[in-house]
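Take a look at the letters that make up each chain.
There are 2 protein chains.
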Amino acid sequence: MTTYSREDIDNFPQRYRTIFINSLSGFRTACLIGTADKNGQSNLAIFNSLTHIGAHPPLVGLIIRPHSAERHTLENILDTNVFTINHVQESFLKKAHQTSARYPREISEFEATGLNEYYADAFYAPFVAESTVRIAAKHLQTIDITANNTILLIAEIIWVELPHPIVRNDGYIDLGAAGTIVCNGLDSYHTTQPIGRLTYAKPDTEPKYL
Amino acid sequence: MTTYSREDIDNFPQRYRTIFINSLSGFRTACLIGTADKNGQSNLAIFNSLTHIGAHPPLVGLIIRPHSAERHTLENILDTNVFTINHVQESFLKKAHQTSARYPREISEFEATGLNEYYADAFYAPFVAESTVRIAAKHLQTIDITANNTILLIAEIIWVELPHPIVRNDGYIDLGAAGTIVCNGLDSYHTTQPIGRLTYAKPDTEPKYL
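Protein sequences, first through last, are from chains A and B.
Each residue of the first sequence is one higher than the one before, starting from 5 at the first, in the numbering used here.
Each residue of the second sequence is one higher than the one before, starting from 5 at the first, in the numbering used here.
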């Protein structure tokens with residue numbers, strides 16, 4: 005084991021430090037966030053900061069850096085109140101990653117990357133047709149993280165589209181079966197292999213695989 | 005594809021809905037959070053809400069439900085200001101999962117599960133000896149998520165311990181090589197398989213695997 009002190013970390017070259025700290029906090033789900041501006045111009049951006057906030061009401065969070073390529077996404081959400089969350093699968097991973105390039109505002113990442121947008125049920129934000137797990141979300145709360153001027157955006161889930169067979173009897177959605185990709189750091193993508201599900205933990209019993 | 009409307013979701017039985025929504029937002033890194041109370045009594049709890057907040061300064065976030073088994077962890081962090089983050093590997097996964105049982109305050113989950121605690125450099129919170137990726141963290145900010153009365157706790161990274169060989173030349177920490185486990189929902193654990201790292205995206209070039 006090697007110890008990296010805070011001084012070591014602060015003295016890393018900037019790019020090295022960004023990669024090191026981004027990968028340290030672990031694996032995260034790769035998602036494409038679909039939005040449209042007030043004129044209907046679509047935007048698509050890959051995020052790995054989707055966070056479960058609560059089940060009742062069904063809430064998710066997104067950490068957004070207001071001065072990065074994520075800025076168009078944030079502006080569109082604040083202007084229109086809605087966005088879509090589309091899990092990334094391996095079949096369109098390169099196109100999903102390419103949405104992180106800094107395209108000018110007038111270019112839609114759907115057109116630039118060849119991903120297909122579609123609109124459902126008069127919902128204002130575009131979905132990614134290629135994705136097999138899609139969520140319609142509505143902005144609820146914007147929280148400033150003053151420690152580093154990032155934003156936690158809280159949204160409620162309006163509806164969900166996914167293949168019924170990946171939902172198990174108890175409500176568990178098997179995202180491995182859906183092919184949802186995880187990301188470690190800024191650019192490293194991975195599939196997942198199930199170990200198993202463990203029984204609900206109680207003080208006097210040992211957990212077992214279901 | 006099946007559509008689950010918000011009405012469908014709200015009408016799910018409570019446990020079904022909790023499992024469904026928890027698994028929907030994706031894979032997350034399984035971590036053990038180590039704390040001690042003011043009397044030095046240790047506590048250990050599994051979390052899957054670790055979130056990257058920023059690299060400079062190095063910040064992480066944790067979503068905490070104040071009325072759950074996570075309560076002792078929250079109280080200890082607010083009382084002592086420090087905690088440890090210990091990635092979970094498959095070799096001690098059952099013990100890690102078992103920390104989610106509701107033990108009374110006077111019982112340490114280290115003792116109850118057989119995981120080994122150790123203290124480093126006079127840091128007040130205990131580390132998990134079995135873990136191969138360990139982070140010392142200091143509480144910086146507590147943010148109320150009023151939408152559902154949960155808390156986002158922001159912390160800065162004080163130091164990091166991990167095996168040097170998993171750090172690549174550009175600072176990337178290969179958590180797959182470390183064996184860090186991901187969790188989907190409340191109880192489903194997975195290993196990861198690398199697809200590859202993609203080059204930094206620019207508007208006029210196609211991303212390639214490194």
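The set of hints was computed from the structure by calculation and includes no laboratory data.
Every value quoted in this text rests on a predicted model; they were computed, and no experiment measured them.
Please note that the accuracy of each hint is not assured.
Which copy is meant is left open, because identical chains are indistinguishable; a pair holds if it fits in one copy or across any two.
Claimed, not checked - Here are the computed lysine-lysine pairs in the DSS-like style, where the Cα-Cα straight-line distance is at most 30 Å:
1. 142 / 212
2. 212 / 42
3. 98 / 206
4. 42 / 206
5. 212 / 98
6. 142 / 98
Do the hints match the structure? See the list:
1. Neither within a single protomer nor between protomers do residue 142 and residue 212 lie at most 30 Å apart by alpha-carbon distance, with minima of 38 Å and 34 Å respectively.
2. Neither within a single protomer nor between protomers do residue 212 and residue 42 lie at most 30 Å apart by alpha-carbon distance, with minima of 52 Å and 34 Å respectively.
3. For the homomeric pair residue 98 and residue 206, the shortest alpha-carbon distance between copies (12 Å) is at most 30 Å, but the shortest distance inside one copy (43 Å) is not.
4. Taking CA atoms no more than 30 Å apart as the test, residue 42 paired with residue 206 passes between copies only; the shortest distance there is 26 Å, against 51 Å inside one copy.
5. With identical chains, the CA atoms of residue 212 and residue 98 are at most 30 Å apart between copies only, with a shortest distance of 8 Å across copies and 38 Å within one.
6. Taking CA atoms no more than 30 Å apart as the test, residue 142 paired with residue 98 passes inside one copy only; the shortest distance there is 27 Å, against 37 Å between copies.
In this structure, the hints that do not hold are numbers 1 and 2, in rising order.
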